[in-house]
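Using the sequences and the hints, build the whole thing.
Protein chains in written order, with the numbering used here: chain A, 1 to 320; chain B, 1001 to 1320; chain C, 2001 to 2320; chain D, 3001 to 3320.
Treat the hints with care, since some could be wrong.
Stated by the list, open to error - Here are the computed distance ranges between Cβ atoms for each label pair:
#: 1; chain 1: D; residue 1: His3114; chain 2: A; residue 2: Thr55; range: 35 to 43 Å
#: 2; chain 1: B; residue 1: Ala1233; chain 2: A; residue 2: Arg227; range: 46 to 54 Å
#: 3; chain 1: C; residue 1: His2306; chain 2: A; residue 2: Ala211; range: 45 to 53 Å
Hint data in this document are derived by calculation from the structure and do not stem from the laboratory.
All C-beta atoms, glycine included, are put in the ideal place defined by N, C-alpha and C.
Number of protein chains: 4
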Amino acid sequence: MQRIAVMTSGGDSPGMNAAIRAVVRSATCRGLEVLGIRRGYAGMIEGDFLPMPPTAVSGIINRGGTILLTARSQQFMSEEGQRQAVEQLRRAGVEGVVVIGGDGSFHGAQALWHDWQVPTVGIPASIDNDLAGTDLSIGFDTAVNTALESIDRIRDTAVSHDRVFVVEVMGRNCGMLALHAGLAGGAEVIIIPEVPYQITRIGTLIKEGRARGKNSYIIVVAEGAARGIAIAADIEAISGADTRVTVLGHVQRGGVPSAQDRSLASRLGAAAVNLLLENKPGMMVGIEGEDIVSHPLQTAWTGKKHMDLSLYELAQVLAT
Amino acid sequence: MQRIAVMTSGGDSPGMNAAIRAVVRSATCRGLEVLGIRRGYAGMIEGDFLPMPPTAVSGIINRGGTILLTARSQQFMSEEGQRQAVEQLRRAGVEGVVVIGGDGSFHGAQALWHDWQVPTVGIPASIDNDLAGTDLSIGFDTAVNTALESIDRIRDTAVSHDRVFVVEVMGRNCGMLALHAGLAGGAEVIIIPEVPYQITRIGTLIKEGRARGKNSYIIVVAEGAARGIAIAADIEAISGADTRVTVLGHVQRGGVPSAQDRSLASRLGAAAVNLLLENKPGMMVGIEGEDIVSHPLQTAWTGKKHMDLSLYELAQVLAT
Amino acid sequence: MQRIAVMTSGGDSPGMNAAIRAVVRSATCRGLEVLGIRRGYAGMIEGDFLPMPPTAVSGIINRGGTILLTARSQQFMSEEGQRQAVEQLRRAGVEGVVVIGGDGSFHGAQALWHDWQVPTVGIPASIDNDLAGTDLSIGFDTAVNTALESIDRIRDTAVSHDRVFVVEVMGRNCGMLALHAGLAGGAEVIIIPEVPYQITRIGTLIKEGRARGKNSYIIVVAEGAARGIAIAADIEAISGADTRVTVLGHVQRGGVPSAQDRSLASRLGAAAVNLLLENKPGMMVGIEGEDIVSHPLQTAWTGKKHMDLSLYELAQVLAT
Amino acid sequence: MQRIAVMTSGGDSPGMNAAIRAVVRSATCRGLEVLGIRRGYAGMIEGDFLPMPPTAVSGIINRGGTILLTARSQQFMSEEGQRQAVEQLRRAGVEGVVVIGGDGSFHGAQALWHDWQVPTVGIPASIDNDLAGTDLSIGFDTAVNTALESIDRIRDTAVSHDRVFVVEVMGRNCGMLALHAGLAGGAEVIIIPEVPYQITRIGTLIKEGRARGKNSYIIVVAEGAARGIAIAADIEAISGADTRVTVLGHVQRGGVPSAQDRSLASRLGAAAVNLLLENKPGMMVGIEGEDIVSHPLQTAWTGKKHMDLSLYELAQVLAT
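Right, here's the structure in full:
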């Protein structure tokens, strides 16, 4: 193997650049040439490639977003799109591909390997942390801290005004981000798709709490469980409390990656290159406990994502 | 004069605690006793007062929100409410009041002094920076930096995805916060109430820019000018660009106050105590250039708030 | 068991307050009363106790330092000191103690249990992360991020000036903090006690790098390996490069705890209370992978602290 | 005038990149071409120039350091060095120069204009804020906030340990940075070159305070007034208190520029281009109150830098 390519795909997450850097530098160190594919599968189809010598990734380890840009590609979902993409890779002499992204990106990687025999490995990067096969995805720790910082700020104003605040956080169908940000932020209520909730019970608890003199509340809602605005309306109707809503939105995707995300990205990037060199395509890398592991790509969506619901109960106990 | 009271009122802003600390400590140093009034005019009516020795304000200079809590009071708008409030102050031996807050709070202060002869001075605190009589209100600098941090994060994802982002910031009827955050954030478009805008022109500029290869845009919208979601829909319709919206919301109110807001709050707090001791009630304190100044309270709403629109043009030139 | 006590001891670390909150609230929820011991073993000897109802820990989850204060106590190292401390605990009806701290604090906890039969459990809190029996100590993640933020800042000026910077970080005899901050910060050189280094080799590498046009370098030094100032002098002498040194110092101890440290502290606090209720004294709690575990207290200093030196090699490869 | 050059010189400060961006974009908008000079006067002598189209300054408004690099040049202090530099400018068709930097950089600018008739204007950028002719230099606000953040962190550990901390901040011969960070940080003692201090009096105050139960102190020392380590030794000897010292060092130079520094840099950059186009060389730009002003270059060192010492007294009153 002499030349590989690296790309980012799907929603961006903080630490993608650190992963690109790790792929490029560890590959170079192992004697490989690296091409960067711009704008994910869309750029692969168009042959939008650029050489990535080690200096191309200088000064990016602490930058949010992705220098390779990212996109979602409808065209790559068709056989014709894939054929063109594979043709571009062959023409450029690419013998292996590292795909940095989430669920959708890994499906594309799976197609590249299984349907077209292009050796491909996946690096999980998603602020949602919704992929099985790894405890953590790149960007999750930063996103939790970003959401937490917002919750801290909102707490200031909630307490000062004796108000209820509903904070809607990202996470797609997964409550991981909401759960961790809510636990760390001392949220009185956390609403996630994995646990049924009764709005009447929540509203009544708040009403009773306020009668006892507990006046301000933070409710963290995962976007996959409910809309913040609907929750706020119901709470206000039931409890009579002045209730406001904040939808954190895309600020959760950006920002300087945390130490943990940069370390994770560095380790996973190097591990992905190892897999290609050891001729183990069709795999994803991941972290379990302190160990770097690998699994078949489809583990990401067929595996069981472990979610520790004891954290949910803990958050309830501690916010009493 | 032997005993004064201090309170915060209206929307909270970062640096209110630093102002409370400054009032308490400089008053104590001048031989005065200080009472804290909780929850603004509502607490004044109820006589919700607590003693504020210098140690009561230890460790709060860097805390967002207000330890005295804040509220809006309907009751204080009636003569009866005011009568009760004044009675509570007299009963507690309060000879002067320092009100920390914005426009509405200053109207209350004006009533206290003009209608009831309670010596009162105002300290401008508002993230909107919409009061005349001062270049800056407490909390504005922190709020601009908080909004800016969000814009920086959103820029990461905007660039990575070739997207247009509309960021709606606070400011009530005033575009100051949007203008400063937009200029510092390098926003391509800033929409504020003070300057008419043509959505067709903006959408067309973006369309043309994208045709030339300028793919990502940040549009900062003051809540007083338009709703972010409406702007985003129009931009997407006109330009065809993938356009997202983020409403920053109440995160802009909280957080650790910036150095400038803490210094400003410290200076204004001491100046307010001076005004009471110099027997100059019915005044507000403020900063003009580097100088601490004072004006009659009504200057806050009758004065002309200077807004330097050359910054608006500058932002346009620099974001080209 | 009806009444327990909680204390912090030794060097403070971010997240200690979150751990206190977790102990208090989970104990209360289980029907226990909680006392707080101020200033660690020194306060235990003096009987400096205060009741800790659930409201005593409101609003502290995001605060650095420790509301219970901390100290190092010479007196507690003597039998007489311990006797007095135990007597104070008995007098106050304390049936179990939770000690939050590091190595030295755990030795004290061990004495309480083994020599005086006071049921005691330990929660590891140390920015050094030098205790065995747990992958992570409370405060480590925050300290790594604080050090990293400083390295990012220094990188700005290092690059702008073509300079070499030596950054000395904490960690006592352990290189964990330096290793993680250095890896995440993209440091070109990391010097830790666990890996021998040759200053001549480092100086020569820098000299050669500069001849090739690589002009700025960050060298992260663990305080347990060498003094930054000595390293800087040697590097400058060998390489001829303008070399500066920054000793990060006590800023690494403070600050708002990260999401991970708050979650960890919350989980460990609840687990410590469980151990007391399950009548398993003389133990420490910890985290291994995603699991909360417990070990005998002495594991902290007799166990083998796992340090993944592959991270060291990885940092070298990636910073090339 | 058709072509100008821009450079940064001397110590770097946050916001220099925002100033470069403003010079480039406002000059381009006025029909000028812009060259960037790398590494200050050293690069001017070597003719190390690069074209700066508007896209060259994309994405830098929020970046610390300077993309043009900076240096101090001995050679430019000689007539021969200056002759070479001027020759390089002429050869490159440069008709005007914008120098971004501090005191030393402005002396160079003065030489360019007065001795060699190269139209030159200066933009004040210095974290020390020690130049006359402007209320603020670019980078000062960010540096104050960076120092303040460190003081906040250190406060956590100082309070938790009942300790005295001495924090040495930058500022060269000027106490501005120490004064503003100390005031905003609630430092109990501030030591600056502009105000004589008696170490015995400070030590005694601390001793007496501790006897009364005030146990932790923050002392902010400007590097131009004393060495932190010397102050700490004296305080410990006199007061008997456990006293630690932290030298903040170069972290104060880097980091993401604050909103105020970015706005200031944007305004000053545009104003500098205006001066060149209005044929007013030999001037510096600055800000006074809310107004952009200009003065002859030598004002920077011959003018009287206003320093409001009432802030010093205020800090003392408020920290009691």
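Query raised in the report: Which of the listed hints are not met by the structure?
Result: Hint 2 alone not satisfied by this model.
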